[in-house]
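Following the hints, put chain B in place on chain A, whose structure we already have.
Chain residues, written in single-letter form:
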Amino acid sequence: MKRMFSVVVAVAVALGLSLASSVGAQQDTLAKIKETGVLTIGTRTGSPPFAYVNKNNEWVGFSIDLVEMLVKPEVQKAVGKSIKIEKKESTPPTRIPLLSSNAVDLIAGTMTDTPQRREAVDFSLTFFYTGAQFLVKKGSPIKGVNDLAGKRVAAQQGATNAKIIREKYPQAQLREFPDQPAAFQALLQGQVDAYTNDGIQLYGLKAKAPKPDEWDVVGDFYSEEPYGMAMRKGDAKFKAAVDAGLKNGFESGKYFEIYEKWFGPKGELPYPMTPQVKAYLLKQIGK
Amino acid sequence: MNYQFKWSVLWSGQSGVWLLQGLITTVEISALAWVLAAALGILSGALRTVPWKPARALATAYVEFFRNVPLLVWMFFWYFGVPPLLPRAVQDWIFNHGAEFWAGMFALGVYHGARMSEVIRSGIQAIPRTQFEASVAMGLTTFQAYRLVIVPIALRLIVPPATSESLNLLKNSSVALTISVAELTFQTRQIETYTAKAIEALTAGTVIYLVLCVGIAAIMARVERRFAIPGLIARGG
Numbered sequence: 548m549k550r551m552f553s554v555v556v557a558v559a560v561a562l563g564l565s566l567a568s569s570v571g572a573q574q575d576t577l578a579k580i581k582e583t584g585v586l587t588i589g590t591r592t593g594s595p596p597f598a599y600v601n602k603n604n605e606w607v608g609f610s611i612d613l614v615e616m617l618v619k620p621e622v623q624k625a626v627g628k629s630i631k632i633e634k635k636e637s638t639p640p641t642r643i644p645l646l647s648s649n650a651v652d653l654i655a656g657t658m659t660d661t662p663q664r665r666e667a668v669d670f671s672l673t674f675f676y677t678g679a680q681f682l683v684k685k686g687s688p689i690k691g692v693n694d695l696a697g698k699r700v701a702a703q704q705g706a707t708n709a710k711i712i713r714e715k716y717p718q719a720q721l722r723e724f725p726d727q728p729a730a731f732q733a734l735l736q737g738q739v740d741a742y743t744n745d746g747i748q749l750y751g752l753k754a755k756a757p758k759p760d761e762w763d764v765v766g767d768f769y770s771e772e773p774y775g776m777a778m779r780k781g782d783a784k785f786k787a788a789v790d791a792g793l794k795n796g797f798e799s800g801k802y803f804e805i806y807e808k809w810f811g812p813k814g815e816l817p818y819p820m821t822p823q824v825k826a827y828l829l830k831q832i833g834k
Numbered sequence: 064m065n066y067q068f069k070w071s072v073l074w075s076g077q078s079g080v081w082l083l084q085g086l087i088t089t090v091e092i093s094a095l096a097w098v099l100a101a102a103l104g105i106l107s108g109a110l111r112t113v114p115w116k117p118a119r120a121l122a123t124a125y126v127e128f129f130r131n132v133p134l135l136v137w138m139f140f141w142y143f144g145v146p147p148l149l150p151r152a153v154q155d156w157i158f159n160h161g162a163e164f165w166a167g168m169f170a171l172g173v174y175h176g177a178r179m180s181e182v183i184r185s186g187i188q189a190i191p192r193t194q195f196e197a198s199v200a201m202g203l204t205t206f207q208a209y210r211l212v213i214v215p216i217a218l219r220l221i222v223p224p225a226t227s228e229s230l231n232l233l234k235n236s237s238v239a240l241t242i243s244v245a246e247l248t249f250q251t252r253q254i255e256t257y258t259a260k261a262i263e264a265l266t267a268g269t270v271i272y273l274v275l276c277v278g279i280a281a282i283m284a285r286v287e288r289r290f291a292i293p294g295l296i297a298r299g300g
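Chains as they are written, first to last, in this note's numbering: chain A, 548 to 834; chain B, 64 to 300.
Hints in this document: simulated from the structure, not taken from any laboratory. One thing to keep in mind: the hints can contain errors.
As the list claims (entries may be wrong) - Below, simulated DSBU-like cross-link-like pairs (lysine-lysine); rule was C-alpha separation at most 35 Å, straight line:
hint, chain 1, residue 1, chain 2, residue 2
1, A, Lys710, B, Lys116
2, A, Lys710, B, Lys69
3, A, Lys715, B, Lys69
Since this is a predicted model, take the numbers as computed values, not measurements.
Next up, chain A with everything else stripped away, as it sits in the complex (with noise of 0.2 Å):
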């Protein structure tokens, strides 16, 4: 159903953006910017603790911070004047075409950089990486990629890393499930001994099991995830403020502090960060 609600939206988005596109399409977007005195993001509503509507209903998340703290002073310094940033909601299926319809200038929340996406628009440098990994019961013979023979291992239909798992680890009995719900109703109940997503997915959904602390995230990540923040392809001058917000961010330790303020033992959810990471992050601007 919602695999179909997706479909339709795409659809027309998809037709809107051909008329839009006939209209005539803007394409610097820092004149645009200069223009309005906005800075329209396409963030998430539910993807905690990225971008999501909290308890007091504000509109808040790592990626959000990001963007006001780091890409905002920038983009700012290259129009000359204050701006203001505007929300949309985006979702997997309704970025790209937001995006190419001017309807959004960023898309900021949890979009993995693929080769397939570059394609179609533009990627910052990465701002959060993160991996497939598997969610375990403590104390379970599974400690990563390797010891999975024999086991039975959940994991949602298309993901990149059930496509992994059936490949190149045929020694595994792999179940898939069409949502997370049912995957991880699979593993509480023992149905499957582990269930394998993105870590950062299993770090949260390990924070709402009934008792977190039965459950472990273990294993390096066997896939690749890295998050970017999404342009329309081809627009250099706006391409390179953003860029150096994120870069600012890395240099001066605003972004570890942005990090901490989610990520660390206090925030939202706990993700520590390890050196692997760190030093993937840190490479991007040359250290």
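Here is chain B on its own, set in the frame of chain A:
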């Protein structure tokens, strides 16, 4: 929208193998569930008409309970609800031996058994009461009358609606993908995620279901002709 059709995705790569595997799983789960549904349907359908109140009440309770809860809920019930009632070692064993398939099979069979029951009851009730009375008058017990006279006639009467019900069962087997049974619809979605060619994959799935169902309908039409009782059941055409 400019959609580029690329039908070759259906036979290149593993698509063909997946579709075949999906087809086999669909046929297996449907055939087993059908046997269960037929057995439960005949039993409860007959019980709903016998002259003994507790039996009628039991059969009615089964029918109303199982046909009035959505099939999806039954899938989750047999997969998530039933195993915790078993000892841990047994649970582990069945989880390693296709628990998904068997849970799906039971969900499908028990649900459609309840629906089949109504079809059979209407068949039995279409037989004039005198038929039953005559059987008893000839010295048959109630059980013998049902086994030798009433049910055999009823089964011949209900072939057309039972065929519809069987085809529904076959198509409803796709709901089992929610509990990770890799049947035909699951495999079409698999092709879609690998190739991003949704329309081709869905078309392949649709055509296979259609061929399967038309085939079954044709066989059932032959069965109907073959077993018709001359003079007793009026036939059109």
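message = Against the 35 Å threshold, does the CA-CA distance of A/Lys715 and B/Lys69 hold or violate the hint?
response = holds, 27 Å
key: Pairwise hint evaluation, B/Lys116 against A/Lys710, where the allowed Cα distance is 35 Å at most   = violated, 56 Å
request  = Measure nothing beyond the straight line between the CA atoms of A/Lys710 and B/Lys69; if it is 35 Å or shorter, mark the hint as holding.
outcome  = Between A/Lys710 and B/Lys69 the Cα gap is close to 22 Å, so the pair holds against 35 Å.
Taken one by one, the earlier hints fail for this structure only at number 1.
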